[in-house]
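S.K.: Position chain B relative to chain A; hints supplied.
There are 2 protein chains.
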Amino acid sequence: MSKAGCDEDGGSISEENPEKSPRDKPPGAPTTGPGWTKVSCPCCVSERVEPLVLVKLGEKVRPETKRWLLKLIGTPQKDGGASLLAHPGEDATGDIIMVSAPRCTLLQATEELGLCKTYNTGEMETFSYDDRDNFRHSDNMEIFLTLAERQYIVKYELEGLRAQRDVRIPGLADKYTLQHRDNIWQKMSSAGVVVDTFPLHNRVKLKELSKSWYSGNQLSQPLDSVNAYFGSAVGFYFSFLDFYTWSLLPPAMLGLSITYFSSEVQKEAVEAVAGSQAEIYNEESGLAVSGHMIQAVFSMLWSTVFMELWKRRSSSMSYRWGTLHLAERFAEPRPGFHGDLGLNPVTGRVEPLFPEWQRDLRTALVSIPVVGLFLGMVVLGMLCFYWGENQVMWLHEEWDSMVSQTLLYAPSVLHIVYTNVLATVYKTVAQSLTEFENHREESAFQNHLTAKVLVFTFFNYFAVLFHIAFVKQDVPLLRKRLASLLVVTQLVNQVTEVVVPFLVDRFVSAPHRKESEDDPEEDKFRNQITLPVFPGLFAEYIELLVQFGYLSLFSCVYPLTAVLLLINNVTEIRSDAYKICKLFRKSFSAPVANMGVWQIAFEILSFVAVMSNCWLLTLSPQLQRLHHEGHHVLIIVKVIVAALIPDEPDWIRKKKAHMQYTSMQALRQQNLPSEEP
Amino acid sequence: MSKAGCDEDGGSISEENPEKSPRDKPPGAPTTGPGWTKVSCPCCVSERVEPLVLVKLGEKVRPETKRWLLKLIGTPQKDGGASLLAHPGEDATGDIIMVSAPRCTLLQATEELGLCKTYNTGEMETFSYDDRDNFRHSDNMEIFLTLAERQYIVKYELEGLRAQRDVRIPGLADKYTLQHRDNIWQKMSSAGVVVDTFPLHNRVKLKELSKSWYSGNQLSQPLDSVNAYFGSAVGFYFSFLDFYTWSLLPPAMLGLSITYFSSEVQKEAVEAVAGSQAEIYNEESGLAVSGHMIQAVFSMLWSTVFMELWKRRSSSMSYRWGTLHLAERFAEPRPGFHGDLGLNPVTGRVEPLFPEWQRDLRTALVSIPVVGLFLGMVVLGMLCFYWGENQVMWLHEEWDSMVSQTLLYAPSVLHIVYTNVLATVYKTVAQSLTEFENHREESAFQNHLTAKVLVFTFFNYFAVLFHIAFVKQDVPLLRKRLASLLVVTQLVNQVTEVVVPFLVDRFVSAPHRKESEDDPEEDKFRNQITLPVFPGLFAEYIELLVQFGYLSLFSCVYPLTAVLLLINNVTEIRSDAYKICKLFRKSFSAPVANMGVWQIAFEILSFVAVMSNCWLLTLSPQLQRLHHEGHHVLIIVKVIVAALIPDEPDWIRKKKAHMQYTSMQALRQQNLPSEEP
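Protein chains in written order, with numbering that gives the first Met the number 0: chain A, 0 to 676; chain B, 0 to 676.
No lab work stands behind these hints: they were computed from the structure.
Hints should not be assumed to be uniformly reliable.
It does not matter which identical chain is meant; a pair holds if it fits inside one copy or across any two.
[To be verified] Derived pair list, reagent style EDC-like, types lysine to aspartate or glutamate, alpha-carbon separation capped at 16 angstroms:
1) 653 with 327
2) 154 with 331
3) 653 with 440
4) 655 with 122
5) 653 with 355
Next up, chain A with everything else stripped away, as it sits in the complex:
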């Protein structure tokens, strides 16, 4: 744990603070650390202050604005501040502020977020500030809360800052004057005062983590440490990746044995990989067909059982990590949310309200048609590509010159450019659409945004495959395409995701931020500004989803899919871990109880997979007569299997029931009035 910096220049800020809240602080109480603003309550005073978050200010920010901001961060919440600790960096004129959080603020936010912590009985219980002494380690924040939670709480408090009355900000133009209930952090960003807010890496912990994660030949990942350091969103991603990779073993083994025992299938697979276009479809032996059928039925059952078991694992994780009872919907709405002020019917607080039906209307009449339009444009692009390819083929046959030879690549190039432009435009559009839908909770906003981008990206990936499978009905081409996609895209992904950033980091960025052990802490923190921003987990998840799509939708066509995916994922775990630890800035991660929208995406895919597999089987003439019965039976079996495996382990259900029971008891004995006490 690093000690707070030793710079004394911030003293002028600390001096201002006691005037602000003299009654909370006995005169002459020790300060928390040199350079840091003073805490407002005596219980939070400690010798060590851990810098959690770095705020990067704009270059032209004037010292009085920085001083005002430092003071605001340190002011108690009841006076409109964030109740955090601020440090001005090297000097009062520098362009960074380091922020930390005192114990009381952290504990109160823990209650607000609805995090569960270990009670003195050893059970996880929703944290209650009044009852804090009965929770284990509640005197030591570095054990009680994970680093990711502490950092998220700082962000949560900063972004929740609202003006309590109209205020002119010193050193800024009049147009940036704050009005009552304005979100201060948003205004600061739009005024260019705050350029960036990001959590700081903790070198010691990071070194420990990377050692147990990807440096050796570990078979299991240190998921609890990943959750503690990077937050539950990242924790869930790596848990899922882990679970998914292990789950690939059975289909991989089946795929290998089918390939081994059915020489026909093996021959086809080799030909497909080798790119031969030989028409072998009609020669399929009965053995190959039954291999396909076993593969299809197995992959359908496998994907169902896999998803159900993952849900159980996910809820255990959520219990372990204390995120089973998050209270986001009872908290303040997210900063971007707007609406008429009114009484929230749930919490009884005054806050902006926005009727649910209006959001549904906007989704139905604007978002869905626009998304549909873009999907249509993907299809249009694909059709144009096929048309163009036919045209140039015909041209090439007519002319057979160098020009026509070059022209052969034109449709592909144009199509790639078109797809990329479309994807870029779509991302902006999806962002605006989701903002227009005006979600109250940050998680709802993120889920809707992710869902939009996900549908488009997935469609982009699969349009061609679906076209080959269901329109052209060309199984050998599908097989060839699938094999090349599996090998090529995964290689490309690994290279672009890891090798390129690694090279850039090593040879382009690193020379600019060479550091020695003697550098002051501030400089080390400052260096993190030069690291690229972590792009989020979207790319990682979509990669898994597309994989899962190959596997569950078309596996019966190419039995080796699972084997290739297994090999890919074993390296993927390590490269993703390396990437997130070394190549990027740390990022904020809100506590989450599950994978959110990704969970749903995987489930939908495993449902669609039943139909896709049934369809593909009917392309074999020998199986046509089995189709009708088989189809129904498979869907019913899938539904029954999914219903029979409970989504939550028994012990989680009991814990939840116990939780409900105690809160019912509390309600009965307390009888709160309906309004906020």
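M.R.: Frame of chain A, contents of chain B only:
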């Protein structure tokens, strides 16, 4: 409201009571009514006592046993009694006990059951005994609780009686000595002391109810009064019947117009009803086919939307009737539940425990195979019937005599006898299986029992139809069978359900229980013993389920189904209402939040209906090519429609969230220890 009886003989019992709990009762406090045992707390003393429940004793019960029982019922709960009021009927030696409940017992049980009542803010809130003064009408039990709730509470208290130590019951053999934690009411029943326990009709309220329910030409039912008088289980049945009947209008109209516009279809229907066996299948016109298709797609969409809207209505009803937050799983286990004593992980109370996995194991290894065996025997019976029918046809053709003519009926008769015997045996088996599964909650027990009987009954009804549709693939025969089932079985049902009981009641039972206004109240109550026991709602629900099956599974074959069902249901509402009001004893009805297992049965049926309709459509050769795409599209559309319509109205979701929020707040501020306070 009737006054308590005026008999003074019970005085000896009242005299015994003050010795039992002298500290709870100030000396010289007024008794609650002549003949009734005294209440233990002064706040519950009232002038009027409403007899709620009648306990019928065995004929050989000795007066000391009856006195002991009366005393037990009147003893406060903390001393091991039921805290109720008992009245010995005409005299201490008579074979009835009338039971009522004082205010405090009712209020405490209301809290235990988790019923919601109107708070002084006008909102429904979970009732809390400590906060009783803030609930509206909590001083007047006859407004605060419905009659059905008051009566159920009496039953709940009586059946919950457990011996606090080993006790010998006066006047009974030693083998009936109670051991610690023995369920007293079960022991009394097995000893023949208690023969029957049933709630009493309230003539005044019943007259009012029947007037507004079925005497006039009302279009709507007085559902709130039905719920108040008969309880929420009956309330939900009639709500559903009501909702279902109105929902039949659109498919009925569509069926009529299809029949009208497509003369072919009309002709077929008429022929089918008339029983003509002409092979018209191959002559179906394109019009008829498209009619079928419209019908199939429509009925699939209709059944989905219908179920989703019903769920919304059901949750509104549940809120209205205060059953949204029932606390059954936090209460004591049902009397028949057994297991090793231990600490309940949810409530922290000492009670019998039975591991979930063991129940699952018993279900998987015993219940499911046995149920499957019986279903197999149904199929076997059907196959034997077909085989037998072929045999006698062949015999009849050979011999053509009077004997062979008579023999023609033999297979049908044998099959009917077989089916009935099987059904009777199955009911006993299902009861034992469910008891073996050892469910903790009464509702779980009932749901599992109902589910078992339901599956069997439904299979019994539909085995023949499925055989015709999917094995014989004979659409005209299916159509004919369906039409005759719709007309004949519904007529038979109405007759057996209403006309027969009515006649029995009027001409067989009634002469024995002629009563005049001058009779003492006890005699009127005693007369209710002679009424037959209400057989429960199973028969009513299964009738609706089978109807719904005809409609959703096979409607595309016979478009007039909905019309016939609509006509049937309009009379069904009235006849069911008449029946439950006049022909049977009142029955206890536990508060329920929904239709329970019936909800699930209807949903499964509407899911299977998609597949059935798709299959039936493919029997038309013109539609074979549409099948593959259509099939997938329909299932996906169904899933999307079901997902898009939220199961609960927005306002219910908000209420629930508010409830959760307040209990979370209460928990935070109170911090109950994990154990029972």
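S.K.: Look at each hint and say if it fits the structure.
M.R.: Right, here's what the structure says about each hint:
no. : hint         : result
1   : 653 with 327 : between (23 angstroms within a copy, 15 angstroms between copies)
2   : 154 with 331 : within (14 angstroms within a copy, 47 angstroms between copies)
3   : 653 with 440 : between (28 angstroms within a copy, 15 angstroms between copies)
4   : 655 with 122 : within (12 angstroms within a copy, 26 angstroms between copies)
5   : 653 with 355 : between (33 angstroms within a copy, 11 angstroms between copies)
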